[in-house]
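Number of protein chains: 2
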Amino acid sequence: MQIRKAQASDGPAILEIILPVIREGATYSLDPNMSEVAALAYWMNAEKDTFVAAENDDIVGTYFIRPNQGGGGGHVCNCGYMTRASAAGRGVARKMCEHSLVHAASRGYRAMQFNLVVGTNERAIRLWQSMGFATVGRLPEAFKHREFGYVDALVMYRLLA
Amino acid sequence: MQIRKAQASDGPAILEIILPVIREGATYSLDPNMSEVAALAYWMNAEKDTFVAAENDDIVGTYFIRPNQGGGGGHVCNCGYMTRASAAGRGVARKMCEHSLVHAASRGYRAMQFNLVVGTNERAIRLWQSMGFATVGRLPEAFKHREFGYVDALVMYRLLA
Chain A
71 MQIRKAQASD
81 GPAILEIILP
91 VIREGATYSL
101 DPNMSEVAAL
111 AYWMNAEKDT
121 FVAAENDDIV
131 GTYFIRPNQG
141 GGGGHVCNCG
151 YMTRASAAGR
161 GVARKMCEHS
171 LVHAASRGYR
181 AMQFNLVVGT
191 NERAIRLWQS
201 MGFATVGRLP
211 EAFKHREFGY
221 VDALVMYRLL
231 A
Chain B
71 MQIRKAQASD
81 GPAILEIILP
91 VIREGATYSL
101 DPNMSEVAAL
111 AYWMNAEKDT
121 FVAAENDDIV
131 GTYFIRPNQG
141 GGGGHVCNCG
151 YMTRASAAGR
161 GVARKMCEHS
171 LVHAASRGYR
181 AMQFNLVVGT
191 NERAIRLWQS
201 MGFATVGRLP
211 EAFKHREFGY
221 VDALVMYRLL
231 A
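Quick note, the sequences are listed as chains A and B, same order. Heads up: the first sequence is residues 71 to 231, going by the working numbering. Heads up: the second sequence is residues 71 to 231, going by the working numbering.
Chain A extracted, bound-state conformation:
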């Protein structure tokens, strides 16, 4: 698996990955009904660096990295990761997260923060914990899950270096 900067020509493959996740409305605080144009513009834009994970010619995952805040908060980055459903369970997210941690440090970031990890997304929580992220906050009923209703969300964080 090779992880590289996304190009404009990766747009269709990225959409194939991110649209089902957005439509499901279970893990990202994005409008499940957002347009394809809006979805791609959210994932790839001037404020983010976007990467893809490629196996041969197949794009199996994608992630972005951006400063989580401006000014005095600009040394903390934020990332989002999505794996193609058909490639789930093969460590794609872990490899992308490892890549993002190295990339973040190389860009001078000092910490990485996930602002809203949906409490029912246990697989992601276990993965981030195993990669050194601590749960530094719990937001009561901060996410309305399409299936489970209002559920807590976690703030997860790790220093880099």
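No wet-lab data here; the hints were simulated from the structure. Quick caveat, the model's predicted, so the values are computed rather than measured. Accuracy of the hints is not assured; some may be wrong.
The list treats identical chains as one, so a pair stands whether inside a single copy or across any two.
[Stated by the list, open to error] Lysine to any residue pairs mimicking SDA-like chemistry, simulated, CA-CA at most 20 Å apart: (1) LYS118 - GLY140; (2) LYS165 - ASN191; (3) LYS214 - ARG177; (4) LYS165 - ALA175; (5) LYS118 - ILE195; (6) LYS214 - GLY144; (7) LYS214 - GLY141; (8) LYS118 - GLY189; (9) LYS214 - GLU86; (10) LYS214 - GLU192; (11) LYS214 - ALA231; (12) LYS118 - SER79; (13) LYS214 - MET104; (14) LYS214 - LEU229; (15) LYS165 - ALA116; (16) LYS165 - MET71; (17) LYS214 - LEU230; (18) LYS214 - ARG228; (19) LYS214 - HIS145; (20) LYS214 - GLN72; (21) LYS165 - THR120; (22) LYS214 - PRO137; (23) LYS165 - SER200.
Following the hints, complete the assembly by docking chain B onto the known chain A.
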């Protein structure tokens, strides 16, 4: 003191309030050197409702309210408050926060979240605590203070209703 929706003609007074706070770089994660145009565009834009607190003809404070996240996170709002330096210590921020809590509930929000309360901003932390906000998270070294260097930041939160 009357709190009302900000109008475009309030722009100069709002800038008089927010620019010194932004330039100080001690409480908001905004670029201290941002332009006046960028500062006003941050405070008043299509994604936010912006209010001013007026005493007679003087604008003594301003705040905004917006959804903190999209999609399943859209029922949690976020606010920013700034008081004119010459009006400090007179409860302007408290009155604006009270107004925002009522306004938020009337708009159907279920919770209010402050994403990054700088740990050295003890006055604000005490105020939010007294208004029912809990510290639900602590972000290690998440803010680079112009005077104190890297300091922790708090995530503060309260349910409405």
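Hint check:
1. Taking the closest pair of Cα atoms, LYS118 and GLY140 come within 20 Å of each other both inside a single copy (13 Å) and across two copies (18 Å).
2. Taking the shortest alpha-carbon separations for LYS165 and ASN191, only the intra-copy value of 18 Å comes in at or below 20 Å, while the best inter-copy value is 38 Å.
3. For the homomeric pair LYS214 and ARG177, the shortest alpha-carbon distance between copies (17 Å) is at most 20 Å, but the shortest distance inside one copy (34 Å) is not.
4. Taking CA atoms no more than 20 Å apart as the test, LYS165 paired with ALA175 passes inside one copy only; the shortest distance there is 16 Å, against 42 Å between copies.
5. In the homo-oligomer, the alpha carbons of LYS118 and ILE195 never lie at most 20 Å apart, since the shortest distance is 23 Å inside one protomer and 31 Å across protomers.
6. In this homomeric assembly, LYS214 and GLY144 come within 20 Å of each other (Cα to Cα) only across copies, at 8 Å, whereas the closest approach inside a single copy is 29 Å.
7. Taking the closest pair of Cα atoms, LYS214 and GLY141 come within 20 Å of each other only across two copies (8 Å); inside a single copy the shortest separation is 31 Å, beyond that limit.
8. For the homomeric pair LYS118 and GLY189, neither the shortest alpha-carbon distance inside one copy (25 Å) nor that between copies (27 Å) is at most 20 Å.
9. Taking the shortest alpha-carbon separations for LYS214 and GLU86, neither the intra-copy value of 24 Å nor the inter-copy value of 39 Å comes in at or below 20 Å.
10. In the homo-oligomer, the alpha carbons of LYS214 and GLU192 lie at most 20 Å apart inside one protomer (16 Å), although the nearest pairing across protomers, at 32 Å, exceeds that limit.
11. For the homomeric pair LYS214 and ALA231, the shortest alpha-carbon distance between copies (17 Å) is at most 20 Å, but the shortest distance inside one copy (35 Å) is not.
12. Taking identical chains as interchangeable, the C-alpha atoms of LYS118 and SER79 lie at most 20 Å apart only when both belong to the same chain, with a minimum of 17 Å there against 34 Å between chains.
13. Taking identical chains as interchangeable, the C-alpha atoms of LYS214 and MET104 lie at most 20 Å apart only when both belong to the same chain, with a minimum of 16 Å there against 35 Å between chains.
14. Taking the shortest Cα distances, LYS214 and LEU229 sit within 20 Å of each other only across copies (14 Å), while inside one copy they are farther apart (29 Å).
15. When the C-alpha separation of LYS165 and ALA116 is checked against a cutoff of 20 Å, the pair qualifies neither within a copy, at 24 Å, nor between copies, at 38 Å.
16. Proximity of LYS165 and MET71 under a CA criterion of 20 Å is satisfied intra-copy only: 9 Å inside one chain copy versus 56 Å between copies.
17. Taking identical chains as interchangeable, the C-alpha atoms of LYS214 and LEU230 lie at most 20 Å apart only when they sit on different chains, with a minimum of 15 Å there against 31 Å within one chain.
18. For the identical chains of this complex, LYS214 and ARG228 are inter-copy neighbours only, at 16 Å across copies versus 26 Å inside a copy, given an alpha-carbon limit of 20 Å.
19. In the homo-oligomer, the alpha carbons of LYS214 and HIS145 lie at most 20 Å apart only across protomers (8 Å), although the nearest pairing inside one protomer, at 30 Å, exceeds that limit.
20. Taking CA atoms no more than 20 Å apart as the test, LYS214 paired with GLN72 passes in neither setting, with 35 Å inside one copy and 35 Å between copies.
21. For the identical chains of this complex, LYS165 and THR120 are intra-copy neighbours only, at 15 Å inside a copy versus 42 Å across copies, given an alpha-carbon limit of 20 Å.
22. For a Cα distance limit of 20 Å, the shortest separation of LYS214 from PRO137 across copies, 14 Å, qualifies, whereas the shortest one inside one copy, 26 Å, does not.
23. When the C-alpha separation of LYS165 and SER200 is checked against a cutoff of 20 Å, the pair qualifies only within one copy, where the shortest distance is 12 Å, while the shortest distance between copies is 44 Å.
The structure is inconsistent with the numbered hints 5, 8, 9, 15, 20, although it conforms to all the rest.
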